[in-house]
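Visitor: Chain by chain, the residues run as shown.
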Amino acid sequence: MSETPEQFTFDFHKEKAEILRASDDLQIKIGDFAGPLDLLLFVIRQEQANIFDIPIARITEKYLEYIQVMKKLDIAVAADFLVMAAQLIEIKSKMLLPRDPLAADDEEAEDPRQELVDRLLEYEKFKTAAGMLYERSTIEQAVFHRGPIETDGESAEVDATVFDLLTVFQQMIARRADEIKMEIEREEISLADMIKNLKRRIFEEKELSLMRFFEEMRSKQELVTAFIAVLEIVRTEAVRLTQKQTFGDVILRSVTTDAH
Amino acid sequence: MSEAVAQQPTRTPAELVALVEALIFVADEPVTSKVLAEVLDEDKGAIAAAVEQLQSEYEARDSGLQIREIAGGWQIATRTEFHEEVRKFLKTRPSAKLSLASLETLAVIAYKQPVTVPEILEIRGVQSATSIKTLLDKRLIVAKGRKEAVGRPIQYGTSKEFLIQFGLKDLNDLPSFEDFEDLVQ
Amino acid sequence: MSEAVAQQPTRTPAELVALVEALIFVADEPVTSKVLAEVLDEDKGAIAAAVEQLQSEYEARDSGLQIREIAGGWQIATRTEFHEEVRKFLKTRPSAKLSLASLETLAVIAYKQPVTVPEILEIRGVQSATSIKTLLDKRLIVAKGRKEAVGRPIQYGTSKEFLIQFGLKDLNDLPSFEDFEDLVQ
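For the record, the sequence lines run as chains Y, V and D. Following my numbering, the numbering of the first sequence begins with -6 at its first residue and continues without gaps. Following my numbering, the numbering of the second sequence begins with 867 at its first residue and continues without gaps. Following my numbering, the numbering of the third sequence begins with 867 at its first residue and continues without gaps.
Please note: incorrect hints may appear among the correct ones.
As the list claims (entries may be wrong) - Result set (DSS-like, lysine-lysine): computed pairs, CA atoms no more than 27 Å apart in a straight line:
#1 D:Lys1010 with V:Lys1026
#2 V:Lys954 with D:Lys910
#3 D:Lys900 with D:Lys1026
#4 D:Lys1035 with Y:Lys118
#5 D:Lys900 with V:Lys957
Treat the hints as calculated values from the structure; they're not laboratory data.
With the hints as constraints, model all of the structure from the sequences given.
Guide: Given below as C-alpha cells:
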C-alpha cells in the first residue's frame, strides 16, 4: 500500500467501511456490493485477514453473517452471492480433511483456497481499475465545454449504433403489437353480433333510444357497425323508428310484440 | 446583493480574468457583468476590469477568437475574418443525428431486407417516404430490385456504407433479439 | 488528400494558429488534426505545430480554458480548478455517477475488450446484464462483432464516447493493467 501510484487512490472498500462505521447498525443491502467477490474482499479487509492466507472458517462465518443481514433487508439475496457462500463452505470442508498421507512429500498438496485467491486478486485489479474510472469521471465532471451550436444536416455520417437500431426496432414491434391487439379487440363486435345485441335490447326494453345506443359505442368502427345494424334491423324486422321532434332523439320500438 | 464581504474570495486579478473567461465560455448566451459579479461575488468594477483585460489579451495575441459585447452581455466568438473557413469546417462536421423516424425505418430495412415501402408502412404503421429519402441521400440504403407483386414495388436493403458506419463485418453481425434477451429482461 | 500545392493558402504561422483555435472552438466534439488539415488545406505537420503553439499559449497566459487532446482530437474546455464556480454559474449539479457495478463492468470491458457477457461474469462473479444495458444506453460501450465460439456471443468494447467522457486521448491513455497489481496488498 506504500507505493500507491499517483492519482488512483479511490478505495471503495475504505469508503464503505467508513460509512458503516458511521452508522450503528449493519444497514447493508445487496446493492452496496458489486457482487459476491466484492463482499468477500470487504469481509477479508474488515477482518484484517491476509488474502494469501485466508482464515477460511472465520471469513466464511462472517460472509454468511452478512448474507443473513442482507436477507433480512432485501427480499431475495441474489443467487450469485449464495453460489459464493456454497463455494466457501466447500473450501472450508476441504481444509478440514486430513492431508492425504500417500501424497508425495515434495509435492505440496494443492491449497483448496488457491483458485479463490487467484480470482480475488484478479478481481481486485478490475475493482481498482473501476476506482480509477470513477476518479477520471469525477475529474471530467469538473470540465465544461462550450454549449452546442446549430449544425447543418447535410453531412453523411450518422450518430447511431447498432444497439440503437435494435432498440428502436424492438420498441416499434412492441408498439405495433399493442396497436394490432387493440384493433382486434375493437373488431370483436361483428355486424352479426351487433344486430343480435340490438335485437335483444329492443325486445327486452321495448323502447330503445338510438342516441343512447350510439353513445355506448367505444370506437368509430363500432359506431359504424351499430349504424348499419340499425338500418339492417329496420329493414328486416318489424321495428319502428319514431322521432318526437325534428333533430330529437330517435326511438326504436318493436312492433311485432304489439301484433301478437 | 453580494455584500457578504466576509466571504469575499481572495483571488489575484489574473485568476479573476481566467474565471471570467471560463464563465463566458460555458454560457450559452451573452453574460452580463452583473451576473458575473453575482456568481463570483465580486463587485462590478472588478468584473469590468477583468473583461477589459481579457479583451485586450485576445486582441494582443491575435487570437482566432474574440470577446464581443452582445445584447449587453459578453460572449466568445470566432473572429469575423475567418467566417469562410468556419463555414467550410462546419459543413464537414459529422454527428448528424438521425431522426427517430429515420432510425426506425433503417431498423426495419436492416432487419427485414429486402423490403418494400408498403411493407415498411405495415410494420411502422406510418408513411416512411421522407425517411427513405433521407436514408438514400445518406447512402445507408440502396434499391435492391423489384418485388414480383402487384405494382412491382422497389425493394430496399442496407448498403455497404451502412456496414461501415455501424461497424459491422456483414449483416450476420447485426445483433439479434436473442443477443439482448438477458439485457432487456 | 490535400496535395493541391497550387491552392496552398499563404498564411503566416500566427494566422494558422488563430484559425486552428477558431475551428477547435466551433467544433462540438474533439477535432482531429486530419480534419483540420483537410479543411485548412495544410499538411498535418503544420497543424500539429499550430496546436502545440496554441496549447502553450493557453498555458503561458494562465487562461481559464485549456486545449486538450481527447479521443484522438482537440478540444477547448474549462480548467478543472474552476469547476465550482462554473457549476454555480450553470446551476448544474454533477451528473449521476455510474453505480459501482456498472463501473466494474466498464473496467472489465475497457481492459479485456473485445469481451463477451460470459467472460465478464467469470471475472466479476455476478450477472452483469443490467450494467451492460446501462452502459449501452449511455453509449459508453458498443457491440464489436461476435466471438467465433459456441453460440457466437456478442463482444463488447468501449466507444469513442467512453474516451470523451473519461477524458482519454485513446485507449493507450488508460493506465496499464499491471499498474493495479501494486495496489493489491
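Visitor: Against this structure, judge whether each hint is valid.
Guide: Hints, one by one, checked against the model:
no., hint, verdict
1, D:Lys1010 with V:Lys1026, "17 Å, holds"
2, V:Lys954 with D:Lys910, "18 Å, holds"
3, D:Lys900 with D:Lys1026, "17 Å, holds"
4, D:Lys1035 with Y:Lys118, "22 Å, holds"
5, D:Lys900 with V:Lys957, "15 Å, holds"
Figure legend: structure checked against the earlier numbered hints; every hint is met.
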